[in-house]
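Keeping their order, the protein sequence lines are chains V and X.
One rule links them: number in the numbering used here = place in the first sequence (from 1) + 3.
One rule links them: number in the numbering used here = place in the second sequence (from 1) + 42.
It should be emphasised that the hints constitute simulated quantities derived from the structure, not laboratory data.
Every residue, glycine too, gets a C-beta built ideally from N, C-alpha and C.
Do not take every clue at face value.
Which chain V residues face chain X? A few, computed with CB under 8 Å, are given here [claimed, not checked]:
1) V505
2) A509
3) R510
4) A514
5) P526
Simulated DEER-style distance windows between Cβ atoms [what the hints assert, rightly or not]:
6) A345(V) <-> T377(X): 57 to 65 Å
7) G179(X) <-> D241(V): 47 to 55 Å
8) P130(X) <-> L465(V): 47 to 55 Å
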Amino acid sequence: MTATRERFESVALPLAAVGTVLLLTVLFYYPVGRVLSEAVWRDSGLTAEPLAEVLTDPFFFGVVAQAFEDPSILWTAIEPHTFRLSVPFVDAAIALNYPFPDYRLGLFGFTAYQAFLSTLASVALGLPGAYVLARFEFPGRKTIRSLTAVPFVMPSIMVAIGFIATFGRNGVVNDVLLALGLPRIELLYTLPIIVLAHAFYDAPLVARVTATAWEGVDASTAETARSLGASPRRAFVDVVLPQLLPAILTGALLTFIFSFMSFAIVLALGGLSLATVEVWVYHRVNQLDYATASSLATLEMLFSLLLTYAYLRYEARQRAESASRPAPRKRLFGALNLDRLAVWGYVVVVLVVFVTPMASMILESITGPNGLTLDYYRFLVTRQAEAAEFQIKPLTAVQNSLLYGVASLAIAVPMGVLLAIVSTRDVPGSKLVDTLSMAPFAVSGVVVGLGLLQGLVFGTELLGYRITVTGAVAVVAAHAVGAYPFVTRNVAPLLATIDRSVVESARTLGASRFRVLLDIELPQVFAGVVAGAAFAFAISIGEFDSTVILASGSSAYTMPVAIERFLGRRLGPATAMGCVLLAVTAASFVVIDRLGDGRGM
Amino acid sequence: MVDIDLESIHKAFDDAVALEEVSLTVEDGEFFTLVGPSGCGKTTTLRTIAGLSSPTDGTVRFDGEDVSDVPVEDRNVGVVFQSYALFPHMTVTENIRYGLRFTDPPRGLTADERVEELLELVDLPGMGDREPDELSGGQQQRVALARALAPAPDVLLLDEPMSALDARLREQLRREIKRIQRELGVTTVYVTHDQEEALAVSDRLAVMNDGGVEQVGTPVEVYEQPATEFVASFVGENNVFSGVVAANENGELAIEVDEKAPEGHRFHVAAEDHGGHAGHGAAADTDADDSHVDEAHAVGDHVTFCVRPTNLDPAASQNRFPVALGADEYLGGTTRLYGEWAGREIVLRLPEPPAEDAITVGFDPTEATLL
Chain V
4 MTATRERFES VALPLAAVGT VLLLTVLFYY PVGRVLSEAV WRDSGLTAEP
54 LAEVLTDPFF FGVVAQAFED PSILWTAIEP HTFRLSVPFV DAAIALNYPF
104 PDYRLGLFGF TAYQAFLSTL ASVALGLPGA YVLARFEFPG RKTIRSLTAV
154 PFVMPSIMVA IGFIATFGRN GVVNDVLLAL GLPRIELLYT LPIIVLAHAF
204 YDAPLVARVT ATAWEGVDAS TAETARSLGA SPRRAFVDVV LPQLLPAILT
254 GALLTFIFSF MSFAIVLALG GLSLATVEVW VYHRVNQLDY ATASSLATLE
304 MLFSLLLTYA YLRYEARQRA ESASRPAPRK RLFGALNLDR LAVWGYVVVV
354 LVVFVTPMAS MILESITGPN GLTLDYYRFL VTRQAEAAEF QIKPLTAVQN
404 SLLYGVASLA IAVPMGVLLA IVSTRDVPGS KLVDTLSMAP FAVSGVVVGL
454 GLLQGLVFGT ELLGYRITVT GAVAVVAAHA VGAYPFVTRN VAPLLATIDR
504 SVVESARTLG ASRFRVLLDI ELPQVFAGVV AGAAFAFAIS IGEFDSTVIL
554 ASGSSAYTMP VAIERFLGRR LGPATAMGCV LLAVTAASFV VIDRLGDGRG
604 M
Chain X
43 MVDIDLESIH KAFDDAVALE EVSLTVEDGE FFTLVGPSGC GKTTTLRTIA
93 GLSSPTDGTV RFDGEDVSDV PVEDRNVGVV FQSYALFPHM TVTENIRYGL
143 RFTDPPRGLT ADERVEELLE LVDLPGMGDR EPDELSGGQQ QRVALARALA
193 PAPDVLLLDE PMSALDARLR EQLRREIKRI QRELGVTTVY VTHDQEEALA
243 VSDRLAVMND GGVEQVGTPV EVYEQPATEF VASFVGENNV FSGVVAANEN
293 GELAIEVDEK APEGHRFHVA AEDHGGHAGH GAAADTDADD SHVDEAHAVG
343 DHVTFCVRPT NLDPAASQNR FPVALGADEY LGGTTRLYGE WAGREIVLRL
393 PEPPAEDAIT VGFDPTEATL L
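Let's have the full structure, built from the sequences with the hints guiding it.
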């Protein structure tokens with residue numbers, strides 16, 4: 004009896020690990036591998052032709068495609084263009100000169116360019132936030148700090164709706180301008196609005212990562228510099244800033260990766276005229292041109308894997324240590340000086356950028372042409388009853404979202420916890436498992452969707468049987484793959500902080516390694532598991548990129564997909580659906596805030 | 043209770059050798075200390091006994107039985123770490139009870155009775171419902187001790203258990219650990235870097251350096267008869283000299299020291315057993331380390347000897363040499379003086395610093411110890 008139990012305990016973990024790897028293979032590596040093979044396999048032979056076709060096409064690579072013949076055209080690709088912004092209140096237009104790439108950059112060049120601008124904007128918007136969070140004390144500071152984790156659980160399509168509701172043709176900004184008798188401004192389908200929306204997502208990330216590093220800076224380092232004769236500014240530049248730089252670069256690199264792979268924002272705010280690689284892949288899939296889609300996806304994947312690898316390498320080199328004595332915080336409320344004035348100015352900007360989109364969405368959902376109305380919500384209910392076969396039923400979308408959310412959570416949590424355990428153990432292969440299991444971070448949702456579509460929904464021959472899964476199963480698979488890294492990210496750091504001698508104490512008291520895991524380690528990381536679960540649920544609820552591909556033509560649609568469909572017609576119902584989504588997402592955020600500390604990326 | 047036998051333990055880590063041919067015997071019921079500077083291998087030795095570290099080569103025996111392959115959870119050892127390592131999600135009682143999930147309490151007690159008994163033993167009665175973070179460092183360490191003792195282990199292993207505590211608390215707690223160890227008679231191995239602490243608590247101690255054992259003996263033996271230059275200067279303060287034997291007469295060696303001083307560079311050192319100090323000779327009741335005592339020292343041999351600062355006396359009539367005085371430290375009752383003679387540092391202990399900046403001191407030939 005005891006012997007059997009011991010046998011079970013000693014094999015339980017390896018077995019579970021093998022099971023997880025198998026599941027990952029089916030849900031992720033095989034489908035994505037399918038996309039890859041599609042790009043290098045033609046007529047049952049290995050070929051570089053499809054990739055070469057993309058690489059030498061100026062549409063995708065602009066001047067780079069032709070640069071083999073004439074490298075000098077590379078230098079002329081970027082030149083200043085003028086972006087005209089008509090300014091209300093002033094009877095003039097400001098001409099903004101900024102280097103705007105044209106067709107000569109190609110699709111990939113433009114994608115990298117918008118990601119670069121988004122990174123600049125996010126850093127510019129995020130750094131003052133880091134300063135306020137790290138160096139000031141005010142009521143609600145901790146709440147605002149945990150709010151910086153919110154964008155990660157914000158459905159991207161909902162943010163897009165918020166921006167349309169704010170800056171769109173009939174959005175709040177133009178309503179205000181109109182009421183003041185001023186001309187409309189047209190921001191939709193421009194690069195600045197895409198960059199701003201990406202900053203909405205990533206500036207909080209930059210702020211949080213930097214603030215954490217800032218709080219970890221030992222006050223005595225700056226004090227030492229001061230005592231040696233440095234001015235406050237010099238002490239900051241020479242001593243504090245170098246300690247922040249790694250964190251700023253980490254945030255910037257992540258922002259670049261996310262913006263490069265961003266899909267829903269660009270699709271909804273830019274359309275095909277400002278298409279990025281991701282949007283174009285989706286476009287080709289919709290046109291049933293899977294060959295081009297696969298080649299593009301493969302190249303995009305290579306690039307993002309490279310970036311993610313660089314990020315992971317860089318992040319691994321710097322582990323934040325808590326300061327022995329952080330500098331004391333300044334009070335935010337007090338006599339107005341230059342410092343505080345600047346902070347209040349920043350607060351106004353934050354309100355406009357972060358609060359207005361969500362507020363506008365809510366406002367738009369309850370205002371019609373004749374003032375306040377609940378028509379759009381009523382529409383959601385009546386459409387449920389009257390929808391035609393091909394139309395989306397709103398309540399079904401809500402139901403599907405909740406169902407898929409729970410199912411994804413049920414897969415992602417055990418998977419994520421297990422991978423966290425393996426990656427923090429000192430066993431052979433744990434580094435490899437760690438790297439492989441984090442790969443979904445680097446592969447875009449559209450690519451995962453495409454792979455699952457081709458690999459599982461269209462079916463695969465295995466041992467003479469044709470294996471196919473329904474759209475719903477594929478959607479859950481995609482969500483689980485997207486969500487489990489967040490579980491791992493929430494659990495692994497907590498596991499790693501458990502003092503080794505705590506584990507060893509339990510061992511010396513007679514507990515097997517497996518019992519130590521159950522009795523000592525898991526109870527201590529429980530908060531991380533729950534936070535990870537809430538993240539997983541929220542990710543699933545808000546996932547758009549792969550869902551929109553897998554749900555096309557089936558009834559496996561979710562709330563974000565419904566929003567995008569409604570958006571094609573009228574803003575009202577889309578904002579109403581967005582508010583429903585906001586409510587569900589907010590609920591999972593409350594769980595995250597209560598139980599976790601927003602440690603997930 | 044058991045005795046522990048380590049036989050030529052060798053431990054290599056990826057990039058370095060941690061232990062080289064360590065052989066030790068710890069007697070049943072003994073309070074045995076491993077002492078040495080950081081990185082000397084004392085903690086690795088302790089972890090090898092516990093089964094937390096498996097040796098690259100060598101054998102660990104409990105009561106003559108090879109336990110090298112017995113996993114840690116089946117070795118029946120209790121370990122107390124420097125960091126206390128209490129389970130933060132459990133109360134004091136739950137911590138102490140944890141080991142009783144796998145082992146029945148001794149003497150037919152119930153688990154509850156055993157916990158009560160141990161709380162009494164470590165002087166924390168009524169604290170069972172506290173959470174670990176509600177306790178002071180000293181209290182946490184008592185709980186860790188009680189937890190380690192609850193399953194009545196054969197061996198108690200203490201890895202620098204008091205390094206995180208302040209000096210006064212450390213002394214109080216080490217007296218208490220010693221009392222508990224006496225009361226239970228459990229074979230105990232104690233690791234510390236503090237030689238004073240090692241001398242104070244141990245029945246016997248092993249001085250370790252660089253992955254090997256330098257000397258094993260009772261505190262008196264190790265202090266009075268250091269076997270190597272390392273032990274001589276690590277355990278207590280010492281002035282170590284080396285030179286060549288110029289004469290060996292009447293049980294005394296005349297040693298020409300390496301330092302070239304204008305006068306007095308020939309010192310006379312008793313060639314006999316160092317136990318010449320009255321009353322200490324009988325202390326050696328174990329067989330440890332008496333190898334070099336009766337060696338004959340021939341003229342021309344190179345030898346090393348040491349003289350404790352307390353034995354360098356301005357009133358001594360023999361072996362006198364002048365010391366130029368430098369810094370002094372008042373230690374309460376005595377003063378430590380750093381001086382110089384023939385280009386090397388000499389440490390002195392005097393009741394109070396002399397007014398002059400030079401002093402002549404000497405030592406009795408029997409007060410010097412040949413290494």
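Do the hints match the structure? See the list:
For V505(V), the interface hint holds, since its Cβ comes within 8 Å of a Cβ in chain X; the closest pair sits about 4 Å apart. Because the closest C-beta pair between A509(V) and chain X is about 7 Å apart, less than 8 Å, the hint holds. The criterion of a C-beta within 8 Å of any C-beta in chain X is met by R510(V), whose closest approach is roughly 5 Å, and the hint holds. Evaluation of the A514(V) hint against chain X yields a held restraint, the C-beta minimum of about 6 Å falling below 8 Å.
Interface restraint check for P526(V): the shortest CB-CB distance to chain X comes to about 5 Å, inside 8 Å, so the restraint holds. Remark: the range hint 57 to 65 Å for A345(V) to T377(X) is upheld by a beta-carbon distance near 60 Å. Judged by the Cβ atoms, the range 47 to 55 Å given for G179(X) and D241(V) is violated: they are separated by roughly 38 Å. P130(X) and L465(V) have their C-beta atoms about 48 Å apart, which keeps the hinted 47 to 55 Å range intact.
The structure is inconsistent with hint 7 alone, although it conforms to all the rest.
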